[in-house]
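S.K.: Spelled out from the first residue to the last, the chains are:
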Amino acid sequence: MRDDSGPPLEEDKARPPRALPPVPSAIQDEIPLSHPKKKKSRTKSTPAPASSEGLAEPVVNRRAEGSEPPAAELKEYPEAPVQRKQKKIRPPPELETSFTEKPSSPSLLRNENGMDVEPREEVVIPKPRRKAKKMQPAEPQYASELGVEDEDVITDEQSTLEHHSRFTAPTGVSQPVGKIFVEKSRRFQAADRSELIKTTENVDVSMDMKPSWTTRDVALSVHRAFRMIGLFSHGFLAGCAVWNIVVICVLAGDQFSNVSNLLQQYKPLAYPFQSLLYLLLALSTVSAFDRIDFAKTSVAIRNFLALEPTALASFLYFTALTLSLSQQMTSDRIYLYEPSVNGSLWPAEVEEPVLMPWVIVNLVVALLVGLAWLFLSYRPGMDLSEELMFFSDVDEYPERGVKASP
Amino acid sequence: MLQTSNYSLVLSLQFLLLCYDLFVNSFSELLRMAPVIQLVLFIIQDIAILFNIIIIFLMFFNTFVFQAGLVNLLFHKFKGTIILTSVYLALSISLHVWVMNVRWKDSSSFRWTNGLQTLFVFQRLAAVLYCYFYKRTAVRLGDPRFYQDSLWLRKEFMQVRR
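These protein sequences, in sequence, are chains S and W. Each residue of the first sequence is one higher than the one before, starting from 1 at the first, in the working numbering. Each residue of the second sequence is one higher than the one before, starting from 407 at the first, in the working numbering.
Mixed in with the good hints there might be a few duds.
[As the list claims (entries may be wrong)] Pairwise CB distance ranges (calculated):
#1 S:Pro357 to W:Ser515: 45 to 53 Å
#2 S:Lys184 to W:Val446: 30 to 38 Å
#3 S:Ile360 to W:Leu525: 21 to 29 Å
#4 W:Leu557 to S:Ser326: 27 to 35 Å
#5 S:Ile360 to W:Ser514: 38 to 46 Å
#6 S:Pro357 to W:Leu525: 14 to 22 Å
#7 S:Tyr378 to W:Ala474: 27 to 35 Å
#8 W:Trp518 to S:Ala225: 35 to 43 Å
Think of the hints as simulated: they come from the structure by calculation, not from any bench. Just so it is clear, CB atoms sit at the ideal spot from N, CA and C, and this is done for glycine as well.
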């Protein structure tokens, strides 16, 4: 091929000022644009850019051409389009990157007159970027295709030239480049091939994860997080209540003989403990209600009548909460205990009658809370809310709501 | 369709307001060094409840069920929350007004009456129920079924039209 391309060059050199026939403006505009630089670098003997169009032509065509316009030449030699077609089928060797997956070679651009024009390198570069971005979310196997394939690397210059027919820019020896040009904020930036492969794989993983993380999952995770907090508060509350009653009994002495001592010692602790007890009881009650799905009254009542431990536990928590709240006034009274000013709030004869119900209620609260904790720990994994809210049948739930309404 | 990030944000806000509510309910009695502190805490608490009501209604309006015109269906499903939240707001405001009225001049003295104690118990019990129902509704509204067309919704719509 190279030998063949010699004579036309000489021919051109022999008559440089040849007046070219009028060429359609589209061809004139398009072709020099597509490969002026490459021509110069590859074939240094090229005399003028105007004649470069004919340089890549096969020798046979050139010799028979004479001075006829190219349009007529195309008509005369119908084998030229055939060559072009063949060329289309072949994988384009010009691409340095490995993105040659598409059967219709993307490297060949067809200009307005139907001629195949090989795009310049600047035109080829966006391809990998676009492809890489498009393929990332769906198919992870494309990540591996960012690598270099052997068949895409042109090592033999001669074989390259053979593939070229007319109007195509000759390309030199290519080698794999370690960089890939990725468009970031409207500029192409060189990125390392290996790093890009890594990040592509990472993106694939995150993209695969993302669609699965729906609002329902957020709700479910929040629900489970609260169940965990509830689980903690159940145990903590039981421990606190038991500790509280033990402290009260120890401070009051045998048969509540030393009530004044209890009041004096327990005074700073009474109201803070009452507040903490409310907080823990509220959390535990909400958590227990969650477990039996208290909002669905029918289910909750059925569970309670069936003596389901979790339903019993939530009932016990609610009772304990009510009892504890009923002692708010007494707790405040203990908190404001001042033995010196005994006149108004704590007369000596009132101490025991006021304190006894409070101690009993605290004891009952401790028992209820401890019992509830035991009941809950009997079936710790039970969570009807989660089952009914998130995993129930779609059709079933709203219908029931409408049926219950009349 | 409800975006996950938006929903997470709204849910966090709702839980933040619920946590504040629980905190004030638990420890407001301890923080009564000056009546102004309690007043501010109570005002913020009431505003928080009001905000939560507004948020939950905005979430209702955002559902496909509501936009399809099935307000009644939505009300039936969440009537517990709506009623209880309103009751709780009323109870809270009345308790706060009462407590502030009683303690404004001398916040650290013993000013309990039986009526106040009763209201206190009911308000605190309602707070727990409100917390449970509100949390449940907020979590339930994350179900994508409320934000898309489905067979049961069409069935409901037909029933309503009849």
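S.K.: If a hint holds in the structure, say so; if it doesn't, say that too.
M.R.: Hint check results:
no. : hint                             : result
1   : S:Pro357 to W:Ser515: 45 to 53 Å : violated (23 Å)
2   : S:Lys184 to W:Val446: 30 to 38 Å : violated (50 Å)
3   : S:Ile360 to W:Leu525: 21 to 29 Å : holds (24 Å)
4   : W:Leu557 to S:Ser326: 27 to 35 Å : violated (50 Å)
5   : S:Ile360 to W:Ser514: 38 to 46 Å : violated (28 Å)
6   : S:Pro357 to W:Leu525: 14 to 22 Å : holds (20 Å)
7   : S:Tyr378 to W:Ala474: 27 to 35 Å : violated (44 Å)
8   : W:Trp518 to S:Ala225: 35 to 43 Å : holds (37 Å)
In this structure, the earlier hints numbered 1, 2, 4, 5 and 7 are contradicted, and the remaining ones agree with it.
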